[in-house]
Amino acid sequence: MIPFLQNLIDAVSLGSIYALVALGIGLLFGILRLINFAHGDFITVGAYALIVPSADVTARLLIGGWPWPLMIPTICLIVIVAALLTDALVFRPLRRASSPTLMIASFAVSYIIQNGVLMAYGARPKAVDLWSGANSQILIGELRVPMLQLVTLVVTLVLMGGLTLFLKKTPYGIQMRAAAEDFRMAQYLGVRGNLVIGLAFAISGILAGVVSLLTTTQSGSLSHMMGVPLALFAFVAVVVGGMGSLVGAVVGGFTIGLIVTMLQAYLPPDLRAFRDAFAFAFVILVLLVRPSGLVPARNTIERV
Amino acid sequence: MAPLLAVDNIQVRYGDLVALRGVSLTVAEGEVVCIIGPNGAGKSTTMAAIAGGVVPHAGDIRLDGASIRGERPEKIARLGVSLVPEGRHVFGTLTVDENLAIGGQLRGDRAAARADRERILSLLPRLGERLHSPAGRLSGGEQQMLAVARAVMTRPRLLLVDEPSLGLAPKIIDQIYEILLDLRRQASLTLLINEQSSTRILKHADRISVLRGGRIQLEGRAADLKDGEAIRQAYFGFGERAAQPAEASA
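Listed in order, the protein sequences are those of chains A and B.
Under my numbering, residues 88 to 391 are what the first sequence spells out, in order.
Under my numbering, residues 7 to 256 are what the second sequence spells out, in order.
Fair warning: there could be bad hints in the mix.
Just the calculated beta-carbon pair ranges, DEER-fashion [claimed, not checked]:
no., chain 1, residue 1, chain 2, residue 2, range
1, B, G28, A, R182, 42 to 52 Å
2, A, A184, B, A193, 54 to 64 Å
3, B, Q17, A, P187, 23 to 33 Å
4, A, W153, B, R125, 33 to 43 Å
5, B, A121, A, R182, 33 to 43 Å
6, A, A184, B, G226, 56 to 66 Å
7, B, G76, A, L171, 19 to 29 Å
List of simulated lysine to aspartate or glutamate pairs, EDC-like, C-alpha gap at most 16 Å [unchecked claim]:
no., chain 1, residue 1, chain 2, residue 2
8, B, K209, B, D233
9, B, K209, B, D103
10, A, K255, B, D103
11, B, K209, B, D188
12, B, K209, B, E184
13, A, K256, B, E184
By construction, these hints were calculated from the structure, which means they are not laboratory data.
Ideal placement from N, C-alpha and C gives every residue a C-beta, glycine not left out.
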């Protein structure tokens with residue numbers, strides 16, 4: 088029982104990361120019908136902002152060396168600026184373009200960011216020690232919970248709660264929900280399209296910034312490709328959860344985290360190398376049973 | 007003095023399809039003007055062009071004499087034009103209250119918006135009872151009332167109503183018109199309404215334009231068109247000597 092619970096804690100922690108990334112992708116998809124594969128690279132931008140730009144092997148901390156009450160908002164701010172710049176330079180000129188065109192453009196953004204990081208920082212992965220207390224463990228009964236996993240879960244819950252409050256209770260949140268459901272109708276009622284889209288990019292920037300701090304603390308290393316697998320798994324999470332549903336993105340994120348962690352723990356050792364293949368096979372199964380995802384977007388329900 | 011709205015010879019294409027071949031009409035402050043025409047005549051396209059949803063490739067649209075052609079829909083909404091689209095387009099996952107809030111958000115004066123909300127809800131008690139249910143759960147008639155209420159919450163000078171009677175029972179349609187006319191009296195609204203049938207609208211409209219095949223076929227005061235004969239000919243496109251169709255009760 089205890090090993091299983093221990094695995095479950097790992098699953099929730101990994102699922103939290105996927106859920107946060109999936110929320111960032113799902114938010115933009117809801118409003119812009121954009122599947123933003125560059126979201127993972129926003130995470131990379133946040134992570135590399137922690138260190139001094141140089142091709143040296145050993146990374147010297149830049150913003151990463153600041154006290155955390157200053158570091159966290161600064162990293163978020165940098166990623167927000169990156170996200171808003173992406174909107175202004177790439178996606179705003181493509182406002183009338185189709186969904187596939189937007190997705191291809193997001194691949195271009197992704198490669199541009201990766202190569203920009205390559206030029207500024209070099210190709211070698213860099214070791215970064217952001218928070219040495221991250222691995223201290225807290226005992227709950229017989230369970231050992233690493234500090235970082237606890238922090239990850241709490242941060243995820245706080246961000247989700249905050250996002251929910253924003254979307255339900257504030258005028259801009261209500262406008263964003265309206266625009267996600269029927270963008271043109273919202274405009275007919277005077278909702279400013281570019282403002283709502285900019286807000287969505289900014290919020291996805293905050294989410295990406297927080298994820299960059301969590302993953303960097305956990306892995307202790309940076310690479311210019313670090314965001315790619317995150318974006319891929321989160322995209323799968325969005326599809327499994329149900330395109331266009333934010334609750335679905337979260338459910339999908341935790342589901343993928345659970346599947347990956349449990350396969351890692353319980354597959355026979357010889358098969359563990361193929362963990363991701365098994366995970367994606369499971370995803371295909373889920374989609375065969377529920378083609379529109381675990382939590383289908385409500386606005387696809389037919390209205391009389 | 008320039009009329010509130012002047013549509014001047016606009017043409018609209020969707021790819022190769024020509025939807026409007028030169029439509030002109032004017033609406034003066036306080037008037038009720040109705041565009042009638044069969045399915046596919048270009049009525050909805052005309053309204054979308056006025057509201058900024060499609061940009062005409064020729065012609066001009068002026069509000070108070072100033073061109074609004076090519077402006078964004080949100081800008082035109084803020085200039086005082088509000089659209090109740092065909093098919094209602096209420097935000098189904100938002101509550102009734104939130105739908106009304108979207109209508110009210112562009113108003114600077116919060117107190118006036120709140121007062122308007124109370125006034126509208128007193129006219130539409132059904133919406134008041136269901137303030138916190140998702141708009142998608144309302145009946146078709148209730149959704150149409152919400153779409154009207156939401157548009158009125160923007161405090162428009164010109165309200166565009168696209169086929170308010172589509173798919174609704176006659177009794178509900180009467181209610182919708184009653185509400186539109188009530189709101190018009192109370193809020194000094196100017197109305198431009200699209201309809202497929204002239205039977206009901208002849209009573210309420212000041213002027214009527216008949217649209218068919220992307221062109222205005224006939225324009226006149228409702229009082230002068232009361233017998234319906236000219237409308238029938240314009241609507242169906244029969245020549246003066248053509249036999250009278252039996253189903254021409256449109």
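### Query
Would you say the C-beta atoms of G28 of chain B and R182 of chain A sit inside 42 to 52 Å of each other?
29 Å, violated
### Query
For the pair A121 of chain B and R182 of chain A, does the Cβ-Cβ distance stay inside 33 to 43 Å?
Distance hint for A121 of chain B, R182 of chain A holds at roughly 36 Å.
### Message
Holds or violated: the 54 to 64 Å window for the beta-carbon distance between A184 of chain A and A193 of chain B?
### Response
Roughly 39 Å apart at Cβ, these two residues miss the hinted range, so it is violated.
### Query
Within 19 to 29 Å or not, the Cβ separation of G76 of chain B and L171 of chain A?
Since the Cβ atoms of G76 of chain B and L171 of chain A sit about 26 Å apart, the hinted range of 19 to 29 Å holds.
### Query
Taking the beta carbons of Q17 of chain B and P187 of chain A, is their distance inside 23 to 33 Å?
30 Å, holds
### Task
Would you check the hint for K209 of chain B and D103 of chain B, treating anything up to 16 Å between C-alpha atoms as holding?
The given pair, whose Cα atoms are some 33 Å apart, is violated under the 16 Å limit.
### Query
Is the hinted range of 56 to 66 Å satisfied by the C-beta distance from A184 of chain A to G226 of chain B?
Given range 56 to 66 Å: violated, Cβ gap about 44 Å.
#### Entry: Pair hint K256 of chain A and E184 of chain B, alpha-carbon separation not exceeding 16 Å
34 Å, violated
### Task
Could you grab the alpha-carbon distance between K209 of chain B and D233 of chain B and see if it respects the 16 Å cut-off?
Measuring from Cα to Cα gives roughly 12 Å; hence the hint holds.
### Message
Between the alpha carbons of K209 of chain B and D188 of chain B, is the straight-line distance 16 Å or under?
### Response
Judged against 16 Å, a Cα distance of about 15 Å means the pair holds.
### Query
Is it true that the CA of K255 of chain A sits at most 16 Å from the CA of D103 of chain B?
At roughly 12 Å apart (the allowed maximum being 16 Å), D103 of chain B and K255 of chain A satisfy the hint.
### Query
For the pair W153 of chain A and R125 of chain B, does the Cβ-Cβ distance stay inside 33 to 43 Å?
54 Å, violated
Comparing the model with each earlier hint shows violations of hints 1, 2, 4, 6, 9, 13; every other hint is respected.
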